[in-house]
Amino acid sequence: MKPLHALPVLSVALLLSACGGEGEATQALGPDPKLPAPERGLLPSMKIAQPAQWGEQKPTVPEGYSISAIATDLKIPRQSLVLPNGDILVAEGRGGSAAKLKPKDVIASQIKAKGNTQVKGGNRLTLLRDADGDGTYEVQTVFAENLNAPYGLAFADGKLYVANQDALVRFDYQDGQTQASGAPTKLTDLPGEINHHWTKALTISPDGRYLYVGIGSNSNITERGMEAEVDRAMVWQVDAATGAHKPYATGLRNLRRWPSSPTAGNSGLWSTNAMNWARTWCPTTSLRCVKGASTAGPTATGGRMSMSGSSHRTLTRWPSRSSPITAWVRTSPPWAWTSPSRPWASGLPMAYSWASTVAGTALTRWATR
Amino acid sequence: MTVTEQSLYRCTPSPLHAILLAGTVPLFLGALLSDIAYFKSYQIQWSNFAAWLIAGGLLFCGLALLFALVNLVRAERKGGRPTVYFLLLLVTWVLGLVNAFEHAKDAWAVMPAGLVLSLVVTVLACVAAWLGMSNLRSGGVE
Chain B
1 MKPLHALPVL SVALLLSACG GEGEATQALG PDPKLPAPER GLLPSMKIAQ
51 PAQWGEQKPT VPEGYSISAI ATDLKIPRQS LVLPNGDILV AEGRGGSAAK
101 LKPKDVIASQ IKAKGNTQVK GGNRLTLLRD ADGDGTYEVQ TVFAENLNAP
151 YGLAFADGKL YVANQDALVR FDYQDGQTQA SGAPTKLTDL PGEINHHWTK
201 ALTISPDGRY LYVGIGSNSN ITERGMEAEV DRAMVWQVDA ATGAHKPYAT
251 GLRNLRRWPS SPTAGNSGLW STNAMNWART WCPTTSLRCV KGASTAGPTA
301 TGGRMSMSGS SHRTLTRWPS RSSPITAWVR TSPPWAWTSP SRPWASGLPM
351 AYSWASTVAG TALTRWATR
Chain G
1 MTVTEQSLYR CTPSPLHAIL LAGTVPLFLG ALLSDIAYFK SYQIQWSNFA
51 AWLIAGGLLF CGLALLFALV NLVRAERKGG RPTVYFLLLL VTWVLGLVNA
101 FEHAKDAWAV MPAGLVLSLV VTVLACVAAW LGMSNLRSGG VE
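As given, the protein sequences belong to chains B and G, one line each in that order. Reminder that position 180 of the first sequence reads as 180 in the working numbering, one-by-one numbering, no gaps. Reminder that position 87 of the second sequence reads as 87 in the working numbering, one-by-one numbering, no gaps.
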């Protein structure tokens, strides 16, 4: 009896492992990725990730690299920023205030919550300092708190900019500060109603004149009405001095991060555009070049350049066309965050990547061995 | 004389059974009207209303279905009215559930399947309620 039963189980297991293999993942790479055909059915065929602590486990890193956690007990880390003196700021929080409008919303939120961290968002900035440069960040302190789901961070000319889920705020910063000297000044409100996609990705032009804020769409596919989509799914260019804004690029679903700073000559900003709820081997993130037209109306160009196949707990290489730097991305199951890399030390051939774990509390660092 | 007495005998549903059965009709009907409003106006709120009304209809219809099952079990002659009533209500509930899943789709993806299903479910609910309210089973005094 048992072998008879075991055989189909085994073959199914083999089939499943074949499905999740490298072949599927590489299909979804490159400039012309082969995407799986859309599937429609009465019930969604998605897999809910099981949140897990890293524990003793570590992400696999390439030859010649080591990886270690530099901060733990964070409250849902989102984005990080390296300050001029090498200190690292980490934005922590969780936003969104979308009401449950349908029976589906009530049921789905219960199911989705199982695949997400139980940690409560910190609504704060944590500062990490490695004063002696030995790779251990001995200082971990709260730089600012009582923020509203901070996400994007940018720094220029002694000013620290933080994109809360509903407003762009500014701190005055002096080198070596471990705590903000006061409450921030509001530069401008950001679209924050409902906030289906609440994360406000932020970057700043090298001259510190303009800030660029990614504002995600306010629904999956207009299921909250078109009225909710005003000023959504676009990038704002915000004047750092006055707070005045204009749409810089439109038609971008949800920017996660700006892997590179804007460059001179309108050569565009590289950004990641993310998609979740996808099937496990469907790409979750695309890299896009966002170019705002200098005179005419806003445009967005780029399309998908390269994509990473998503598989649980693996690191996927993400070749970048813009520079010899190869970025590494920790791909993730739905509802875990991926953060494409941003170098936080210069002179390294490999960009660093930090990613909040599924449990949402740790910050890891890759270093050359 | 005995023949006349027999034909006069009708078993009507209990008040609770009647409330659940009759309540199913306006809930599914409301969903249908909301779907029509969404179909014509593209105002998403109508689709939200429809989704909740269907959920309510499923609750009422589901409980009425339990009564219908009990009625079927208690009927001395299972053929005819008790079976037809139960099966009709069962089909109404199952199609209503499919309709609920249709209405869980985002925005216009509900259309047109959601509207068609709402129409079918409403008609079925009306017929089932008509049958159930008029006569659950007959011939009890034989």
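To be clear, the hints were calculated from the coordinates, so they are not data collected in a lab. Be aware that a few hints might be false.
Stated by the list, open to error - SDA-like mimics (lysine to any residue), calculated; alpha carbons at most 25 Å apart, straight line: (1) B/K186 x B/A244; (2) B/K100 x G/M133; (3) B/K100 x G/G80; (4) B/K104 x G/L59; (5) B/K104 x G/M111; (6) B/K47 x B/R253; (7) B/K104 x G/A109; (8) B/K159 x B/N85; (9) B/K104 x G/L115; (10) B/K100 x G/C126; (11) B/K75 x B/T178; (12) B/K104 x G/K40; (13) B/K104 x G/G23; (14) B/K104 x G/P26; (15) B/K100 x G/N71; (16) B/K112 x B/I194; (17) B/K120 x B/G133; (18) B/K104 x G/P112; (19) B/K47 x G/V98; (20) B/K100 x G/M111; (21) B/K104 x B/Q118; (22) B/K47 x B/N116; (23) B/K100 x G/F67; (24) B/K104 x G/A107; (25) G/K40 x B/N220; (26) B/K114 x B/G41; (27) B/K104 x G/W130; (28) B/K100 x G/A22; (29) B/K100 x G/I36; (30) B/K104 x B/S217; (31) B/K114 x G/M111; (32) B/K112 x G/W52; (33) B/K104 x G/C11.
Unchecked claim - FRET-style restraints, in silico, Cβ to Cβ: (34) B/D172 x G/Q45: 39 to 49 Å; (35) G/P15 x B/N148: 48 to 58 Å; (36) G/Q45 x B/A244: 31 to 41 Å; (37) B/G41 x G/Y42: 22 to 32 Å; (38) B/N148 x G/Q45: 47 to 57 Å; (39) G/Q45 x B/D207: 19 to 29 Å; (40) B/V106 x G/P112: 20 to 30 Å.
Each residue gets a CB set at the ideal place from its N, CA and C atoms; glycine is no exception.
Check the hint pairing B/K104 with G/K40 against an upper bound of 25 Å on the C-alpha distance. The hint holds at about 23 Å.
Starting from B/K104, check that the Cα of G/G23 is at most 25 Å away, please. 22 Å, holds
Quick one, are B/K100 and G/A22 close enough, alpha carbons at most 25 Å? With Cα atoms ~29 Å apart, B/K100 and G/A22 exceed 25 Å; violated.
Given pair status - G/C11, B/K104, alpha carbons within 25 Å: At roughly 39 Å apart (the allowed maximum being 25 Å), G/C11 and B/K104 break the hint.
Are the Cα positions of B/K104 and G/P112 separated by 25 Å at most? This hinted pair holds, its Cα atoms lying about 19 Å apart.
Holds or violated: B/K104 with G/L115, Cα cutoff 25 Å? 18 Å, holds
Would you check the hint for G/K40 and B/N220, treating anything up to 25 Å between C-alpha atoms as holding? Given that 25 Å is the threshold and the Cα spacing comes to 22 Å, the pair holds.
Hint check: B/K100 vs G/G80, CA-CA at most 25 Å. Holds or violated? Outside the cut-off at roughly 44 Å; violated.
Is it true that G/P15 and B/N148 lie within 48 to 58 Å of each other by Cβ? 53 Å, holds
Decide if the proposed pair is consistent with the structure: B/K114 and B/G41, CA atoms, cutoff 25 Å inclusive. 22 Å, holds
Is the hinted range of 20 to 30 Å satisfied by the C-beta distance from B/V106 to G/P112? 25 Å, holds
Given the hint that B/K104 pairs with G/P26, does the C-alpha gap stay at or below 25 Å? 22 Å, holds
Hints 2, 3, 10, 15, 17, 23, 27, 28, 31, 33, 38, 39, counting from the list given before, are not met by this structure.
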